[in-house]
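Taken in order, these protein sequences are the chains called X and Y.
Each residue of the first sequence is one higher than the last, beginning at 1 in full-length UniProt numbering.
Each residue of the second sequence is one higher than the last, beginning at 1 in full-length UniProt numbering.
Quick caveat, the hints were computed from the structure, so don't treat them as lab data.
All of these numbers come straight from a predicted model, not from anything done at the bench.
Keep in mind that the hints are not guaranteed to be accurate.
Estimated spans, in silico, between C-beta atoms of each pair [unchecked claim]: (1) Arg212/Y - Val70/X: 32 to 38 Å; (2) Ser222/X - Glu131/Y: 44 to 50 Å; (3) Pro238/Y - Ala198/X: 32 to 38 Å; (4) Arg85/Y - Val47/X: 34 to 40 Å; (5) Pro238/Y - Ser222/X: 52 to 58 Å; (6) Glu142/Y - Pro37/X: 29 to 35 Å; (7) Pro53/Y - Glu142/X: 21 to 27 Å; (8) Leu164/X - Gly111/Y: 39 to 45 Å.
Which residues of chain X face chain Y? A partial, calculated answer using Cβ under 10 Å [said to hold, decoys possible]: (9) Leu97; (10) Arg144; (11) Pro146.
Yeah, the Cβ is synthetic: ideal placement off N, Cα and C, and Gly gets one too.
2 protein chains.
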Amino acid sequence: MTYQLHYWPTIQGRGEFVRLALEAAGAEYVDVARAPPGQGGGEAALVGRLRDPGNPRAAFAPPFLVDGDVVVGQTAAILLYLGPRLGLSGTGETDALWTHQLQLTIADAVGEAHDTHHPISTGAYYEDQREAARARARAFREERIPKFLDWFERVLQLNPSGDLHLVGDSLSYADLSLFQLVAGLRYAFPKATARALANTPAVVKLHANIARRQRVRDYLDSPRRIPFNEEGIFRCYPELDG
Amino acid sequence: MTYQLHYWPTIQGRGEFVRLALEAAGAEYVDVARAPPGQGGGEAALVGRLRDPGNPRAAFAPPFLVDGDVVVGQTAAILLYLGPRLGLSGTGETDALWTHQLQLTIADAVGEAHDTHHPISTGAYYEDQREAARARARAFREERIPKFLDWFERVLQLNPSGDLHLVGDSLSYADLSLFQLVAGLRYAFPKATARALANTPAVVKLHANIARRQRVRDYLDSPRRIPFNEEGIFRCYPELDG
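Bound-form chain X, shown alone:
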């Protein structure tokens, strides 16, 4: 069965956490909104599906995943669904729950990273909330980036199976998502992230290990990986770093 991922076609955004899981597992999938409109793709197809009155369980927002009769939205819920199917959530219920808990904490960090450039309203331009953005970004850099990264470092250091993975001794979607969080933070806040990562060697090592996995590397080198840009969650505005 080929998975259908529905997400905005021009950004990594929250959809990237799903793309990474599918790619790292070698799963067959279609990134629907990036397909040609003539083949059922394009952004209009995505929006149409969200508003389809024939779908009583349409998601609040992208991303959402279609797998046969199953339609699931919310990034973390998609990964919860895919985890056992792709072999990316450890062993048994306790590991699956822990993997999910890690994912939800990464999602919190991602949401806060987004709000550094949109602290007032997602419906307004960045340029119209720059002053608040500077203040929020300062607090995020000084308090939140270190707090989140230190917590993931602790999880890695205390993992009884070793510090190579967040969950047990094998790859999980939480590892992939932490890779993406680190990549995004480095793009958006290079100076502040470098300072925080100086205290979290296991997080740095995890990021590097993920990046050199064959399937992940192939993906990152392919046109399927959309470059970071200033429409996504992680945006490089030098005035917000420091």
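We have chain X already, so just place chain Y on it with the hints.
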């Protein structure tokens, strides 16, 4: 087995979504930090447990739940764990996943409600970010409250089993959490919420139905229900409503 809930003892906050599920199901639980320090309770016990180096899977933040050997943090993950055990997540994997997706969307709304009074930094006082709070609260009132409530109205209206529940035809933790979201929005933004609820009759009805369930009513009337206050997520600052 008596569940142990660990959460801040003086606010509803995110822990309230767990309390409501436990109460509505008639589950045995201890709200640990509200117990006397002499009996292992108090805030110090909670903080100590979070920092315990002997716990390799300590949560990033409260709430967390202890059930024998299982320790799980993140509100939505706790409810994911409790859902099938308390009979509060529908029937089968698809319903459980949908219940969770609804919960994650409620969590997004809750996070945005929190940030109306702390748009710059959770580490700073409200009084030091009032100007940004006014701007963020305006956008939240005008764009986000209606968008979230309209979506839940749609879910209720399109539920093939009727508009009394979000998932199928029985109580789920998503119903309880939507009740709490509506209660919180009404407390924090009475005028704006009344306007939005005028367009969402099924959401209004769900809130009322939940409030009159015997166990929920008993809970709400008991001292176990901490009143809304200006330390929690939903805060009544009249200057943020309108």
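Verification of the supplied hints:
no. : hint                            : verdict
1   : Arg212/Y - Val70/X: 32 to 38 Å  : 34 Å, holds
2   : Ser222/X - Glu131/Y: 44 to 50 Å : 46 Å, holds
3   : Pro238/Y - Ala198/X: 32 to 38 Å : 45 Å, violated
4   : Arg85/Y - Val47/X: 34 to 40 Å   : 38 Å, holds
5   : Pro238/Y - Ser222/X: 52 to 58 Å : 54 Å, holds
6   : Glu142/Y - Pro37/X: 29 to 35 Å  : 33 Å, holds
7   : Pro53/Y - Glu142/X: 21 to 27 Å  : 25 Å, holds
8   : Leu164/X - Gly111/Y: 39 to 45 Å : 32 Å, violated
9   : Leu97                           : 6 Å, holds
10  : Arg144                          : 8 Å, holds
11  : Pro146                          : 12 Å, violated
This entry does not satisfy hints 3, 8 and 11, going by the numbered hints stated previously.
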